[in-house]
Amino acid sequence: MHRFLRITVLLTGLFAAFSIYAAESQQSVPMTEDSLGPLVEQPIEFPHNRHAGDADKGGMQINCMYCHTYARRSAVAGIPPLQKCIGCHQSIESVRETPRIKKLFEYWEAKKAVPWKKVHDLPDFVRFNHERHIKRFIEQQNRPFQEVCGYCHGNVKEMTVARRSKGLTMGWCASCHQKDHTVVAEGGTPIGTQAYWYTFYKPEVEDASAGVLKAKGPNDCWRCHK
Amino acid sequence: MMDSGFDRRDFLKVMGWSGAAVALSGCGNTSIEDGKETLVSYVEAVDYQIPGVGVYYNSSCAQCDAGCSINGKVREGRVLKLEGNPASAINRGKMCGLGQAGVQHHYNPDRLREPLLRNGGSGETITWEKAYALISEKLKGVSGEEIAFLSGVVSGHLKVLLGNYLSSLGSKNHFVYEALAPGVVRAANKKAYGVEMPRYNISKAKVVLSFGADFLGAWVSPVHFSQQYAQFRKGVDGQRGVLIQVEPKMTLTGANADRWVPIRPGTEGILALGIINALGIATGDIAAAVKGYDKARVSKETGVPPGHIDKIAAILKLRSPSLVLAGGAAEGYAHGSQNAAAINLLNHVLGNVGKTVEASAAVPFPQMAPAKGNTAALKSLNDGLAEGKYKVLFNYAANPVFTAPGAMKFKDNMAKAGFKVAFAHYMDETALQADLVLPLESALEDWGTQVPEYMAEGAQINILQPLMENVHPNTRSIGDILLALLKQSRAEEYKNYEDFYAYLRSALVQNKAALGGHAMDEDAFWNETLTKGIIKLVGTTAALSGKAGISGLKLPAPAEIDEQYPLQLIPSVNISLRDGRHTNQPWLQESPDPLTTIVWDSWMEIHPKKAAELGIVEGDIVEITSRIGSIKTQAYLFPGIHPDAISVPIGQGHEAMGRYAKGYGVNPLKIMDAVFDRETGELAMHETRVKVSKTGQRVIVVKDESAAGAKQIREKIAGRVYTDNVDLTKEV
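Taken in sequence, the protein lines are chains A and B. Take the first sequence: its position 41, counting from 1, is numbered 41 in this note's numbering, and each next residue is one higher. Take the second sequence: its position 211, counting from 1, is numbered 437 in this note's numbering, and each next residue is one higher.
For the record, the hints were derived by calculation from the structure and aren't laboratory data. Heads up, a few of these hints could be off.
To be verified - Capping the alpha-carbon separation at 25 Å, the derived lysine-lysine pairs in DSS-like fashion look like this:
hint	chain 1	residue 1	chain 2	residue 2
1	A	Lys-84	A	Lys-112
2	A	Lys-112	B	Lys-262
3	A	Lys-226	B	Lys-299
None of the values given here were measured: they were computed from a predicted structure.
Modelling step: build the complete structure from the supplied sequences, incorporating the hints.
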């Protein structure tokens, strides 16, 4: 009896505690396609608009992948090494004395990495592969890179520090992956079993002789949940 | 165990309910945490370094002395996974579980990080400069004879450097100790074949008769032998090879054999001579000498049914070439040399020498050949220590306080040395007794060269190179330490070598012509060497020269059963834990023993018949008592052991060495008698006699095996062992 009571009390207590914790914890607003993430304060307020923006708005129109060079070669996009910033900025005298660049050179001279904050954070059980998406949209379909990066990262060329502008939930991923993408044999687009990769379900063969498939996403959970 | 009445099951129930509570109250997308984690980029990046993409380096495995070559995956500057290097003839791209666990040696949380100086009962952190100065001070006025250096197997440039250091001290006392080295077999091979370790061609043999050589598990070069074994099973000329294993305690190799023959411990030599007699193909003095070993007598002495002896002889006669191996179970007696000699004689009689027992290649730099470890070295060191001969004792890569038999009282004798220096990765039992403990780099951080004792094909030198930067910045390479100590007395001679790396590079580059790099410039040769991780050489081959001789071969009659201590203790070798130096790697603790499937603990194997006689059931805590002392562990009923023997695995029972080793299981070596092989002076591992008694306690044995599995293996073994009605050729 004594033991039973003890367990009951513990159980009730824990149940209550967890319930309160779960109820009180910060609830995210249900994500919509253009729900904005929080503003994140960075050690240096990096002006994406100045680097990647359109020329008529004072931007340098630099390709995203000039700095985020790992995106096309690895699952993770990475942050450019400090060396890369300095590589250009050591010969741009006009902005050398601005506060942000001065701060940048302070890090460089101390040979210390800039502690950037992560803006696009997926849960640890999700593996998103940058390389594969870039291969598909930029290399195979030859779409403009700013559009392609923008599918997930939004219109970064008009931001200063990046801010999340897409939901990045599984449902949001599915909103793209469940569209009936027509996958054809032309233009180097893989067909057959490889079409499985793009959608969530087994592709439907529309017209086998024409090599046209309708693909619906990675049909294996482990494609993302490894 | 828990007194509160709140056990694991209740805890899980509560946790389950709490989980449900969380689910009910509905928390949504809380795991996306923008702006909370820090992303640290490189300050300067090298081209090949891409976050998320691995780079691979070749190096060598240092988990055992087989000398396998490895290929390590490094990502973001961290080594993640090791695989075999396909270019090595020893392991051909494969690797064993022990090798895989190498990363746990490297990242082990219990690694030593700073030099420690004994201050009463605890260690005080000191600087390296102070440590070196202290060694120099303690060596002042001490003659070479009063200095002893104990080490495990060393080879390559480290051995050269160590030799130079000892000669700079004027000392010849280098003791190379390996607890599980095949010392007796080496000596017997030297007599029978002219070389200590010939090349065993398992893949060419049609029958392998192994006397306790666990070549698939832990004997000499198991990864290499496993691959040879696969070839052997595929067969020569379409005939699948037949494996017969003779041993008192079933090993992994025994479990894979077509026929496992349990034999009375210590009578392996008698059976070998009995088989020679049954073969009837020997001539001259051999035939005369084995005449007395007729079936009836051999069967009576060894416990092997006469029909078995006939069948073994018949299949050896039918299929040639065969291969006979003498292993750990045969050599562990006072007459171990005689056993091994009798077994090797079988190879001569069967005409296998030159066919499946071949000359082995050796590296053409004898100074780099491995200093082979044995147990005779431990005895002479121990005797010296007991007499108080040594004022300074160095210890590297050996843990004799743990592995020396209890009867030797090594720990007490070690205390008689004036100043004890241990070069160690962990605070193990021996380091704990030292006055100065110097922390070493792990094998994945260190530079070096390895020359394996067992060469698979041609000779090779293995390269050891760092896969990543030091996890603990204040650990040092043993090579760097020896170089620094050498500079204390020979500064002029070594001034060109800033560190061990410089020494190694210069030593290899200077000899590049002999190492296959005559057409390359120095940098090209060095880069190629590091890229490949192996230097392959045209080795010198020592021809087999031994003769089949029976003179001097005299096998004692089987030991009488001792009334007081009726059972033979077999300290068995676990394929993961070996001599206990890897017990602190949790993957190895977690891997079930292949035969009993027990994890994280010790056990005593006992034959079910014997257990029934003593009233022991599985899980009984039993006390095993020898002349030296006693240990307590759980009983496991195992049909794969001779009823006159019990077996306790080596490797557990650490009293130090960190959280994953300390306090698990018992150490059977603690109750071991110090009996030595009469010819070689090697420790006789199987000569301890014990008695077993119940303590009245009982536990549930933690193991993977199910009741059905246990029944299966029991039927497989027990059903076959006691029948005489076997035809090996039809079974396979």
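Handout entry: Numbers of the earlier hints that this structure fails to satisfy, in rising order
Key = Those not satisfied: there are none.
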